[in-house]
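First to last, the sequence lines map onto chains A, B, C and D.
Residue numbers for the first sequence follow our numbering, so the first one is 1 and each next one is one higher.
Residue numbers for the second sequence follow our numbering, so the first one is 1 and each next one is one higher.
Residue numbers for the third sequence follow our numbering, so the first one is 1 and each next one is one higher.
Residue numbers for the fourth sequence follow our numbering, so the first one is 1 and each next one is one higher.
Per label pair, the in silico range of CB-to-CB distance: (1) Met1/B / Leu83/C: 54 to 64 Å; (2) Met1/B / Ala209/A: 29 to 39 Å; (3) Gln137/A / Asn34/D: 40 to 50 Å; (4) Ala209/A / Ala97/C: 54 to 64 Å; (5) Lys211/C / Val89/D: 29 to 39 Å.
Worth flagging that the hints you see were computed from the coordinates, not collected in a lab.
Where is the CB? At the ideal position from N, CA and C, for every residue including glycine.
Next come the chains, spelled out residue by residue.
There are 4 protein chains.
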Amino acid sequence: MRISDIAEQMEAVKVLGPARFGRAARILGEMFSNDDYSNFISLAGPIIPGGLRTVITDLVDEKLIDGIVTTGANVTHDMLEALGHKHIVGSETLDDAKLRRRGLSRIYDLLVTQKSIENLEKAVYRMLNKIPESKRQNIATYELLWEFGKQLRDKRSLLCTAQKRSVPIFCPGVFDSMLGLNLWTYSQLNRLLINPFKDFSKLVDLTYATKKVGAIILGGGMPKHHVLIANSYRGGVDAAIQITLDRPEGGGASGAPLEEAISWGKIKTQKMLATVVGDATVIFPLLTLAALEEARS
Amino acid sequence: MRISDIAEQMEAVKVLGPARFGRAARILGEMFSNDDYSNFISLAGPIIPGGLRTVITDLVDEKLIDGIVTTGANVTHDMLEALGHKHIVGSETLDDAKLRRRGLSRIYDLLVTQKSIENLEKAVYRMLNKIPESKRQNIATYELLWEFGKQLRDKRSLLCTAQKRSVPIFCPGVFDSMLGLNLWTYSQLNRLLINPFKDFSKLVDLTYATKKVGAIILGGGMPKHHVLIANSYRGGVDAAIQITLDRPEGGGASGAPLEEAISWGKIKTQKMLATVVGDATVIFPLLTLAALEEARS
Amino acid sequence: MRISDIAEQMEAVKVLGPARFGRAARILGEMFSNDDYSNFISLAGPIIPGGLRTVITDLVDEKLIDGIVTTGANVTHDMLEALGHKHIVGSETLDDAKLRRRGLSRIYDLLVTQKSIENLEKAVYRMLNKIPESKRQNIATYELLWEFGKQLRDKRSLLCTAQKRSVPIFCPGVFDSMLGLNLWTYSQLNRLLINPFKDFSKLVDLTYATKKVGAIILGGGMPKHHVLIANSYRGGVDAAIQITLDRPEGGGASGAPLEEAISWGKIKTQKMLATVVGDATVIFPLLTLAALEEARS
Amino acid sequence: MRISDIAEQMEAVKVLGPARFGRAARILGEMFSNDDYSNFISLAGPIIPGGLRTVITDLVDEKLIDGIVTTGANVTHDMLEALGHKHIVGSETLDDAKLRRRGLSRIYDLLVTQKSIENLEKAVYRMLNKIPESKRQNIATYELLWEFGKQLRDKRSLLCTAQKRSVPIFCPGVFDSMLGLNLWTYSQLNRLLINPFKDFSKLVDLTYATKKVGAIILGGGMPKHHVLIANSYRGGVDAAIQITLDRPEGGGASGAPLEEAISWGKIKTQKMLATVVGDATVIFPLLTLAALEEARS
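Please work from the sequences and hints to get the whole structure.
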């Protein structure tokens, strides 16, 4: 039995979690197979270090994704891996003060060496130096990340593949990451100015240049909201799926049901929406496989 | 690509959610393919109405599950479906007072008719009447549910299949369900006594009669804890997976990590444990398919 | 500023969490001050070891609570403390296999000695021996717990205080606890039969014998559902508050909004309902203080 | 009984939720009473519309908070209220398409009129026009928000009070909000450039200019991480409390335990940390009252 068959059977349950999963697979299949769609994906939480680097890079490479909005952390991790660093398997019960002394930093059960972060800084400086100053003094994050993608040369890198395929990666919270710290320290001695207005203009332009917009929302945070708000000028996205463990009751945007965004004009209708309550790093590869099977059949 | 291939790739990530999902698939595959294992499954939350009736019935029919511990609600829903009633698709935003007036009861976005619940009562009385009084006056829940299974005649019913395969269904909280109300009202005018000691003796006996015990925990609640505590006499289960959205921080048994049960002697070692944070009705069919593919290869 | 003043200001926000907290305080104040109410409290999760032993015992002593439905674990912990055992402060990152070897069992960051559990067994046997066999062979859990309460002699014990005040403690899942294991082993060599029908009859009788029923729901699980379902014969409870971290989307009873119970006839109207998303061991003492201040003013 | 007395009793429980709440109250009391501390608060989720506007404004007015990092949404709501708009009480079950047609937008059970959002745009343009172009063409968000605070004239406004008290409000994700849309459209026809480097320099400078740093983290998201990462240059914050409903298992920064930040050098030691699992709009006012009582006693 193929996973798309299970997804279909799940949608046939029509209620509760299975219906939400099945519907999400079908909607994603439609986004991937219908050429009218430009698809934007938001990445929050440890999407890249959590094993989805290949999945998302492949989707970009196959031109199934047309724009990415991500936290700075996911960009940082893509660069770390492109520079040859691998995360280390740890545990969520390790002593953090000891880890610190041993030069290790922790993300739940995953460890990163301080050494790799120092190497990243050097690489970022080196790459920034190669960007002409005229460009550097008024640059969007998507332009900056394309420059890095050009220089990094790792076929499995999201930055490299996105650059190759001219898919912009927007990073509205870039300063809130290790990469962001490097940009800031560099800017203290060199000409560098990130212009977030240019990012937003580019993102809005993309939403206008397509018949339909599909939103694929992994986790919550600013990336989720940013994809949706950028579509409010065109009357909202046409289809959206989200995978999140965040709760709605607190009223934060991260856990908000997609339906809420209809009242803000960020989503058009209720017809093509699905929320899967779950961990995006578990659910998204499964949904993607089901959707690609459906799209190809 | 088969789902067992994805599960394998996920385990290779070695951290975060994907590792937990991949490991759970592998452990479940081991439980299903290694004849040393007797497997006990716990059902809490709307497992039967949430679309897993077929999945679990099939596993019982193939002798991959040797004992079931469930809430009364899941038994009630299996019986409702065996009696020909189907749930109705609703929505979580419906007005409950209006539903009440229209004879409908709600479980999130799923509706049940009051009519079907009345029919259940009649059927339960009819079936109880057919059980000899000598048996009825000191009966375990597993014996009672086998009696019902014998009388219900629905091939897709968990109760019928479990009876056919001599797999006991334990229902330690049977009184806390629509079925339980029927048992109680019946007992007011007829001889009926449920003896929970007999259930526990049977369950403990089963855990002794096998080389290895595997625990498959869907949701939390009393069913989860009951499977584990019954194994404390034999030194704990040998392998366990759990799928739950409950949190650990409050200290309740539902959200507790499996590791905690090691300190109580309910689980033997940390080697064969996996917790997937997610909705059991979404995750379990996927894990099962992956495990069966692995078990058969 | 008094906590009841803050609760009032919170209700004045009228939306989101503060409104839910403020409304819960007001409803609880009404339950405590209006003599028409009989109040039933459900205890799931580590309510007793989590510091609410005194709070709940005081409410029982002041006759503000008329019935208790609890997990076996909370009864077990009340008995452990009555027998002089204290929990030990641990941590959620301790190694459970090491704890096991050192004779310690863990509940999140709280430790219990195996020694105290062995002492509990002896005490339970001793207390059971003192109950006349004629009574023992057909006993409800509330009767059994009153017998224990009579023998335990600890003023701060919930069991003792409940017995003194003739407040029944119902334990529909008693077998699913350390105490339950002791009852079962005792029953293998001695006459002992727990009759859950008697418990349910008593509980239903209590719900009929009062003008209004208030339900105070701490955590989810069987205790939550049991309080509600027992009130379905009288047309539902008149007021209810619940404090839980469980989620609604999975469709389980633990995380279900109170409104859902209206469609089942377990709650009368939407007027006197409040759900606080939070940890009951944190929220309930604060709500209680606010409610008592309001009730007394 | 005062709330600080309850908090003290809770800390004496030493385990589970009560200990976390009690410890948080004590740590917050220390931050408020010890002059060595500069305190930074992060605001994610509907903190301002959720009723904490007065609480936080009062803390700023009393100079107990020295820096704020917030989402754009909270700034937007403070401005809406300063302009005389009030949110409307709705419900989480309303039909969002209907709301849209009626000119209403929804945040869980809270409604905002489209009219008020249009008025905000006009007010933002008007206020921007009054800022000298020389300043506007290279402005930090904290400078911009001080300019707005100067012009808004609402004593209860966080922006006004922060400006009056020279407390900077950093808004690293300002573009991801209604206010951000207004800034972007304005920039299409007028000179306006937000320079996020200036914000980060100011924030880092503040962390250096104090003996001790206290971090008060309400909700997760970029604001949480931003306060912590800005302190990594000085070796981490000295004390931190967080209140969140986000989960740790997914590995995202929002739900991460504070201890994890020690391994990144963003927090100094484990001694002065407390995480309360709960809704910040409920827990923070209670903690604040307890902390102020302690600080003043």
